[in-house]
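**Q** The lines below spell out each chain.
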Amino acid sequence: MFPNVPTYSDRIIQATFETLYMVSFSLLFAVILGLPLGVLLILTSPGHLLPNRPIHQLLGTIVNIFRSVPYIVLILWMIPVARALIGTSFGTNAAIFSLVAGSAPFFARLVESSMREVSRGVIEAAQAMGARTWDIIWKVLLPESMPGIFAGITVTAVGLVGYSAMAGVVAGGGLGAMAWNDGYNSFKNDILFVATVLLIIIVQLIQWFGDFLVRRVDHRS
Amino acid sequence: MNDKRMVMNDKGMTMKSKEMAVNDKGMAVKNKEMAINSKGGHAEESESFIRLKHVKKLYYPGTKREIAALKGIDLDIEKGEIFGVIGYSGAGKSTLIRLINALEKPTDGEVWVGGVNMATLTGDALRRKRMKIGMIFQHFNLLWSRTALENVLFPLELAGWPRARATQRARELLDIVSLSHRKDAYPARLSGGEKQRVGIARALANEPDLLLSDEATSALDPKTTDDILELLLSINRTLGITIVLITHEMRVIEKICDRVAVLDEGVIKEVGRVRDVFAKPQSAIAKRFVAEALDAEDVLMRETARGPVSEPATDRLLTSSGETRRWRLIFVGEVAERPVITELIRQHAVEINILRGEIKRLKDTPFGTLTVEVSGRLEDIQKARRYLEQTGVIIEPPGEE
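Those protein sequence lines, which keep their order, are chains A and B.
Numbering-wise, the first sequence is residues 1 to 221 according to this note's numbering.
Numbering-wise, the second sequence is residues 1001 to 1401 according to this note's numbering.
A hint or two may mislead.
[To be verified] Estimated spans, in silico, between C-beta atoms of each pair: (1) A/85 - B/1121: 47 to 53 Å; (2) A/83 - B/1120: 55 to 61 Å; (3) B/1066 - A/200: 56 to 62 Å; (4) B/1171 - A/85: 38 to 44 Å; (5) B/1171 - A/51: 37 to 43 Å; (6) B/1171 - A/200: 49 to 55 Å; (7) A/67 - B/1090: 38 to 44 Å; (8) A/49 - B/1089: 37 to 43 Å; (9) A/209 - B/1218: 40 to 46 Å; (10) A/138 - B/1188: 20 to 26 Å; (11) B/1292 - A/221: 58 to 64 Å; (12) B/1120 - A/133: 46 to 52 Å.
No lab work stands behind these hints: they were computed from the structure.
All C-beta atoms, glycine included, are put in the ideal place defined by N, C-alpha and C.
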């Protein structure tokens, strides 16, 4: 059934780790960049705590540009950026640049929409109690939108698994690259199959863990 | 179950406030001062505790969407009283109450609270002032991500209390609102009444001298409404906290308010002691609210009950020959508890036919209305009217027979 799997077992394990590496670090940076971006988007929106039309529109436009460029094109645009910053446009580290560029704006939008769910009344109550804007961000907006944020992280992580397969083909590394190079192009369908199954398992695990976290922090019902 | 809790609550209040006195001496002293103020009827300053001077509020000024929410409000609220603002939705109540803690800024005019012009406060000064003004809401506005106890901790965290003391204080506060047994429950698991109790505990956290209530009972059923009103009343009495509330329900006004302002289309149409407004509403809108609280037909009848009644409800044969009048008698205060009608019949040659009647309590004041038909000779009817008016009964329609 799987004639090439034994000989390729090291390669398979390595590719799996590369995928997990790319996904987890991209996710980390996507959250680090996307969370404050999302908070700024919501705070500067009309009628919110710090309404500021120019900043809101500028941020919104940047986010939209990144989100409307197809990921495969974004990879090409991020090649010079990676080269400038880490000296190479090849390998898993270089792939992380385009992965973050593709997922952080997306995650920022998810943060913005889950924070929009926090009722005006609760924010007003906090203001009436003498909360600073900073207090409202940390003690109201973030905790109250936690289920949405965790769900957003989960969606982003699943998306990153898919993107990382593509990024791997261009920059090298991961299960996507293995499926393409060692599987499809080398006429080894069993490798292609194993790569697919492993990607499915990773996605399932991410989704399961994400759902678990969302349930843990959701006290709305 | 609810009844039991309320009874326990009433008893609990005195105990709790004693505990609080032990825990927090400064507060107890302050309360005593306030109690003296509220009893004496005048605050330390010659100025009122809350004073709105010619306040106007426009939304979207200068644009096509411009709306005048408040059109020149003058209002004085004294320390220690429970002051109600009643109006239909859109009357400007929400805006009015939010001016007091500067969640809304007036377009024109001034808002003074405790001798401070709210417009002059910014940054930390405003935040500290707001900490001394508690607020509760129609939809409770609790953080669902926090338990009841953690919700009460929230304002203490904002005020920078050390964790251990804050927790201790939050427990005491939940005790005051009889909710200690639910301290670890998330709001989603609490009933409406319980949520509002958490809201009240949270509002009291930083020892405010003023509590703002924004339709706090409007989302609750009548029984729970009464429980919450009872709680607000005992907080006002034991802690001496001034309460300003807005509502569209006369029930709330009559149960706990000392004075009421009737707000309509951004204008105060009437303001006065609740018993006076109930007894003699001046404005059309106040009459409508009183009518809703009493018997609608009863008050509307005031408009039509002029002159002799053409169709007495009773058989003519049963009444002695002579005149018949339909009166609406209003009893305010202790006269409502005296056997006035019995005396009237004993001492006067008139017959009384009672058509409808109602007695209720306006906070501490007994208040009754009685619609009667009086039959007899004109002379005796006139004497009866004089007798009633001497005892303090208000008769509608007024005047001579």
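**Q** Taking the hints in turn, state whether each one holds.
**A** Consistency of the hints with the structure:
With their beta carbons about 48 Å apart, residue 85 of chain A and residue 1121 of chain B fall inside the hinted range of 47 to 53 Å. The hinted range of 55 to 61 Å is satisfied by residue 83 of chain A and residue 1120 of chain B, whose Cβ atoms lie roughly 58 Å apart. Remark: the range hint 56 to 62 Å for residue 1066 of chain B to residue 200 of chain A is upheld by a beta-carbon distance near 59 Å. At about 53 Å, the beta-carbon gap between residue 1171 of chain B and residue 85 of chain A misses the expected band of 38 to 44 Å.
Here the CB-CB span from residue 1171 of chain B to residue 51 of chain A is close to 39 Å, well matched to the stated 37 to 43 Å. A hinted range of 49 to 55 Å for the beta carbons of residue 1171 of chain B and residue 200 of chain A is consistent with their spacing of about 50 Å. Range check, residue 67 of chain A to residue 1090 of chain B: about 41 Å between beta-carbon atoms, so the 38 to 44 Å window is met. The hint said 37 to 43 Å for the Cβ distance between residue 49 of chain A and residue 1089 of chain B, and at roughly 26 Å that hint is violated.
About 43 Å separates the C-beta atoms of residue 209 of chain A and residue 1218 of chain B, a value consistent with the hinted range of 40 to 46 Å. Our hint of 20 to 26 Å for residue 138 of chain A and residue 1188 of chain B holds, since their Cβ atoms are close to 22 Å apart. Against the hinted window of 58 to 64 Å, the Cβ-Cβ separation of residue 1292 of chain B and residue 221 of chain A comes to about 36 Å, which falls outside the hint. Between residue 1120 of chain B and residue 133 of chain A the Cβ separation comes to about 21 Å, which falls outside the hinted range of 46 to 52 Å.
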